[in-house]
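Just so you know, the protein sequences line up as chains B and C, in that order.
Residues 744 to 1020, numbered by the numbering used here, are exactly what the first sequence covers, in order.
Residues 120 to 389, numbered by the numbering used here, are exactly what the second sequence covers, in order.
No wet-lab data here; the hints were simulated from the structure.
Please read all numbers here as calculations on a predicted model, not as lab measurements.
Please note: incorrect hints may appear among the correct ones.
[What the hints assert, rightly or not] Within a straight-line C-alpha distance of at most 25 Å, the following computed PhoX-like cross-link-like pairs (lysine-lysine) qualify: (1) 389/C to 762/B; (2) 951/B to 255/C; (3) 951/B to 193/C; (4) 951/B to 238/C; (5) 389/C to 951/B.
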Amino acid sequence: MANASTGGHVQGLGATMRKDAWWQGPALTAGILSLWLVYYAFAAAQGKYYSAGPYISPFYIAYEHPASVTDMSPGYAWFGFWPDSWPAFFPPALVMGALPGMFRMTCYYYRKAYYRSFFGMPPGCAVGPVPHDYRGETFLLVFQNLHRYTLYIAIALLPLLYLDAIKGLWYDGRPGIGLGTVLLGANAVLLTGYTLGCHAWRHLVGGKLNCFSCDGASEARHGLWGRVTWLNERHQQFAWSSLIMIAICDIYIRSVSMGVIPDINTWSGVTWIGDFH
Amino acid sequence: MSEPAKRKRTLRAWRGDASGGKFEEYTVEVDQGMVVLDLVHRAQRDAEGAGDMACRWNCKAGKCGSCSMEINGKPKLACMTRLGDYAPDEVIQVQPLKTFPIIRDLTTDVSWNYEQNKKIAPFTPPPRPEGDYRMKQKDVDRIQEFRKCIECFLCQDTCHVLRDHDKKAPATQPAGKPPQGFIGPRFMIRVAQLDMHPLDTVDRIPKLKEEWGSGYCNITKCCTEVCPEHINITDNGIIPMKERVVDRFYDPITMLLSKLGGGSKRTVQK
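Based on the provided sequences and hints, a complete structural model is requested.
Shown next, in the form of structure tokens:
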């Protein structure tokens, strides 16, 4: 009920005078992110079915187990094999996922998404938040200020995504292309759009300057800043599309690897996992 | 032929002052194209008991920022909110801004905002050179967006730091303590407007972190959602300022590079 002393406003978690379905957006965000995380945990913990023919799941970037290597193996282990002694309770896919995961966790767009959807800080605009001694990002959440370091890691991982996609253009000693190649290529492009549209990146490439016309370098950085701004204005779209595309790639490769569906490609038209070497 | 019946709308307005109050309902005739401010004025004119309903307004064109209120729970300008945006039988509920102390009915005391503005050192260019100051359009494109602000304070009203947690920056910051409150999105973009100006000579970044509480903002973007001038407050103002704070206080590499380069060339605001 409205409290008369506060201009008819209401207090408490979720309390609002809004009459629209304000909760739909946060609920959808919470649902999709939760589903994605559950699927990722399953895929990472499973530890197999992550590659098929010339493809490797983006969850298993730069991962290859020695036991899976064959003469036809495309060789995804860009930095060598993971040691056999690696503890089973901490799958390599979780390690490789944690690196871009930290980038997403500290991302300015995702902060909005999860502060609203998971932590109720606040759940919606003009909607009552979780009652607590709010300190914002001045105390425990101060680590959010190191977002740019997670960006550096995310940028360093981008070439690996392209390398994995390019690997998908060669199989059985012949060039070609398959649906998996297309998906991995799209995944690399979307992740590039997301990573290079980052607010911290936009700041570093030129946003930190006060004068864009003072010398040749600042003129050049202004041009770069403008291009990053174009991506930044679409940061939310890239954030979601790239997140979903990672899962689509994994689902596709996992399904081919498990023999649920065949791969469609130029090497032999329709290839079931048994026909891949 | 008989004249078509006039359409009617029910206005549910909060009536009262700091000591208390309640919602009152007024049903009044409306015409096509009316906005919520028209409905309030029509109720003042026609409805019994509504003649003395307090409502601040001025330009009726979305440029003075006076008629800010909460309409069906959302912070909006009454003069820019069309009745046609609502279902024909939907009650229009109006309330004063939640974040600021109530004066009476739909009016609130927003003077805290003006006190925050006074804390921020004004634009301070270097001594005038021979001829005139020179800069290019590309240098001021960014800050011209912030100059569209009409100071309606809807962003301040919807900011949960101020609205729900009541972390308004106090008049004075106790020495040696973490920031005791936040100046709010309106003044984050005021600082951005000054800090990004190529001719400005004042360094406000330490104040922004230590006293004006930039760290309280957790980027939930409600300020951007309610801005009637469509200023991208969060992406273009707040986040760039938070990144400048990171440069100065959190990122060891930029801190080192800044030190090697002799630090900020601007004069730190005391």
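Here's how the hints hold up against the structure:
no., hint, result
1, 389/C to 762/B, "violated (46 Å)"
2, 951/B to 255/C, "holds (17 Å)"
3, 951/B to 193/C, "violated (34 Å)"
4, 951/B to 238/C, "holds (23 Å)"
5, 389/C to 951/B, "holds (22 Å)"
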